[in-house]
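Engineer: Chain A is fixed; fit chain B onto it per the hints.
If you're matching them up, the sequences are chains A and B in order.
Using numbering that gives the first Met the number 0, you'd call the opening residue of the first sequence number 0 and step up by one each time.
Using numbering that gives the first Met the number 0, you'd call the opening residue of the second sequence number 0 and step up by one each time.
Rather than coming from a laboratory, the hints here were simulated on the basis of the structure.
Accuracy of the hints is not assured; some may be wrong.
The calculated lysine-lysine pairs, modelled on DSS-like cross-linking and capped at a C-alpha distance of 25 Å, are [stated by the list, open to error]:
(1) A:Lys31 to A:Lys288
(2) A:Lys155 to A:Lys261
(3) A:Lys291 to B:Lys523
(4) B:Lys523 to A:Lys288
(5) B:Lys599 to B:Lys250
(6) B:Lys377 to A:Lys337
(7) B:Lys523 to B:Lys599
(8) B:Lys250 to B:Lys294
(9) A:Lys225 to A:Lys155
(10) B:Lys377 to A:Lys336
(11) B:Lys145 to B:Lys294
(12) A:Lys225 to A:Lys31
Spelled out from the first residue to the last, the chains are:
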Amino acid sequence: MTSPHILWIDDPAAPGNRVLGGKFGSLAEMTKAGFAVPPGFGITTTAYRHFLEAAGLAERARQVRAQAATADLAAVTALSAEFTAEIEAAPLPADLEQAVRDAYAELERRTGTSLVPVAVRSSGESEDLAGASFAGQYDTYLWVRGADEVLTYLRKCWAGMFGTAVLTYRPDGHEVVAGDHGICVGVQQMVEARSAGVMFTLDPVTGDRSKIVIEGCWGLGEGVVKGDITPSRYTVDKVTFEIVTRALSRQEVQYRFDPTTKVVGLLPVDADRQDAPCLDDSHINELAKLAKRIEQHRGAPQDIEWAVAESGDVHVLQVRPETVWSQRKPEAPILEKKSAVDHVLMRFSGGKLATKAGS
Amino acid sequence: MTATNEIPLETAQAKFTSPFDIATPAGAEGWESMYPYYALLSEDQRALDEGKFWFFDGMHNPEPLYPFDTIMTENWWVAASQMSTRVWPVPPALGIDHRIINGYLYVSPNAVSDPEEIGRRAEVFGVRAGHYYGNWDSIYAEWEVKANDCIERLKAITFAPLPDMEPESSVFGHTGTYSSYRLLTSYGELIHNLFEMGSYHFEMLNLGYGAYLTFREFCQQAFPGITDQTVASMVSGIDILLFRPDDEVRKLAKLAVELGVADLVLANDDPHAALAAIGGHANGAQWLAAFEESKEPWFWFSTGAGYTHSDRAWIDDLRLPFTAMRGYIEALQRGEDIRRPLDAILAERTRVTDEYRSYLPTDEDREAFDGLVEIARKVFPFVENHNFYIEHWHHSLFWSKVRELGEVFVAHNFFDDHEDIFFLHRNEVYSALYDLMIGWATGTEARGVTYWRPIVAKRRAIRETLSTWSPPPALGVPPEQITEPLTVMLWGITPESVQEWLGVGAGGEGGNGVLRGVAASPGKVTGRARVITDPEQIHEVADGDILICRITAPSWAPVFSKLGAAVSDVGGIMAHTAIVSREYGLPAVVGTGFATTTIKTGQLVEVDGNQGIVRVLEEDSK
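Just chain A, with the same shape it has in the complex (with noise of 0.2 Å):
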């Protein structure tokens, strides 16, 4: 269990660690801060390049890579499906594969369950550098059961890096994110998840860093990080857990895993929980608690992915800074510099307070 491919999360030497990519390292130092993260290991960027060395495909990736920064869409996209097709094929390092196929082994032993239910996905060394959360660029793959699928998963993983949107993704409009990005791939029990969504520790709307904006559905969170599922929206009071505000959203689809098909597609909602809201207050106030526990011990305004199971366990699926308004100067001040009795005179003076122009 020694190899160098593969690092479990609650590992000591997980949290923060390169090898891991960004959200799993950022994962990993969730574990062991004790929160509720479902378990799991990375294939690590170390045995990403030990793959592309062992199929010679190292260089031909730097070369993909520098002539799709300066290109047309249309020759990057034919670059991309030349290049992804190649990996794809490529053959798996003997070590490499049977390391996997150990750590999944050990993942089933450790959840009790065979052919255990796993989230396969990307993880980069290069996500949340430069302000770039390289937000759904990567894959994510669900309800991934036996190694033979981790493996097959895995390459897609590593066929996305080269993927058309990666390599043209420009965050500010700026530059390319150019170099030699590594990527591990995260393997991990899945939640099976009652609902599900993301949370941001600021309001992403107005920067107000004394909210936390919950957004959730009925069913995997998937649809909430795709968009493609309008979910119910709470703000919570950071400070006093108040529920500010509810917009709850009527919701008769979600995502599941499909018994019949065996993969997770969009089934219906049972009809009695379709008008219902998807969370209850104790569980909004938990998730807000939570949240602000993850800022406080990252030391920054955080996006956060979670799942309700239907145990009704919280559970925390990834974590990642906030990448808008920390990047931002502060805004100019909410009001003019004078005196608290001057504000207060000119408050008796009609209308609002003064306010710094063009804020």
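Structural biologist: Leaving out everything else, chain B in the frame of chain A:
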């Protein structure tokens, strides 16, 4: 200086019923005779009054006004209004006008619209208000001296029937004036004492509210959606006088347990029976001495807003403090600590304030926040404590003095009951006193002996009829903006609440059983509604009831422990109730406008104190 209304008349907006179109309920004809001419609508001033926005002041006067009790509304008609108009000319706001309609008080804030005039007023205001803010603590210390002195002088006023023969002291002391004159001048002193305290009431109040309001608006801009009770919790004091009566009851409960007289309190529902039983106990004298000490002044604690004589104080009706005391004794016997956790409350205030501060985006904002917290905390002791000095202590004492005068009229055969005095306006009382003096002086029957009884009987019947009429929350033309700070702070009247009332009044929302108001205290509770329109009914509430009332009063708090939640027709964030009910952690929605008229006792209702929403879930299941 002109008083204008804030409404552009050309705007075709929704209006409330015209005050001139309100019909007198059958059986209440002639109600106008109970009130002074200047408080009534008149055809002469129709043009002026019809275009204004009038809202029902149920917060101070949920019931039809007794003629005598108009002294309170008339007091602030001048005392509060003169502050904004002429003492600290609040730049865009003048005073608040009053009209009595079908026995209920309607008020209307006046605005200044001329920008030049606003500018001129702003200069004067800045200098004067700046002086008060700059010297707040010492001015408040002076204020307390004045208030205490005013109360001492009120205590010294006494009324007694005129003697059969003038005492020798008047003759041999060569006083030259006699009992009749002292009766008349004592009455004058009583009335002027009320107006004196009434003036102190507003000396610092508007400025205090303004400072707090500024801090609140800053918080609302910086932390959109922050609740009013959270803002208040950052500046609210922990040792304010309104908590003191309850603290005294806790202290007495503890002493009763220590002295072994607790079971005598528990065994007697009637407070007087309990006091008699304690008197017979070996340690009784020690407890009764402590009880007497607590009573003065802390039991001068009104069971209502203090603005009407029917708001009896604890000192007149010991049931409330004794009910609370029984609860505390039982808690002590279970081994609980009944002291208010002052350190924890203070630590929580610090935590909440520091945390919000840390979420501000810039250092300049933190600086502004610090300054506004500081000034809001500076003014808050006055804002919170003036209630005890004025509405509770002074006014309860005032009403007891009026009853003492009522006894004089009973002794002289004008009335059957001292309470009848409240059916006379204070100026009518002055006339009746002179009438009484004439009878005494001449040795013949005073005219009042046959004159007042039929009038009192007629007015009593009229008032009973009026009390079954439901005053609409607003009349006239709604304003586009409200600039008068008291209107917002005390009554919770905002453009949103006006729109809400318009919707309900027009049948838009009232039908679906949903009422909106101000979220005054957080939490969500479902229970059976108990509609209380008379403070006397407060003893009827059962465990888990949702109290539905025109207004709640802080001294009802001991009964609140039985309640699931409270809903009122009127009130804003700084209403007398809000301060104490937050402390008791009772979910509350205030300022719903129509709760007592749309919700019925027995209905299952849900009160959402987080959102300020009340829903009727089902009809009476009984």
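Engineer: The structure should be examined with respect to each hint, and the outcome stated for every one.
Structural biologist: Quick rundown of the hints versus the structure:
no. : hint                 : result
1   : A:Lys31 to A:Lys288  : holds (18 Å)
2   : A:Lys155 to A:Lys261 : holds (18 Å)
3   : A:Lys291 to B:Lys523 : holds (23 Å)
4   : B:Lys523 to A:Lys288 : holds (19 Å)
5   : B:Lys599 to B:Lys250 : violated (38 Å)
6   : B:Lys377 to A:Lys337 : holds (18 Å)
7   : B:Lys523 to B:Lys599 : holds (19 Å)
8   : B:Lys250 to B:Lys294 : holds (12 Å)
9   : A:Lys225 to A:Lys155 : holds (19 Å)
10  : B:Lys377 to A:Lys336 : holds (21 Å)
11  : B:Lys145 to B:Lys294 : holds (22 Å)
12  : A:Lys225 to A:Lys31  : violated (29 Å)
Going through the hint list in order, the structure does not satisfy hints 5, 12.
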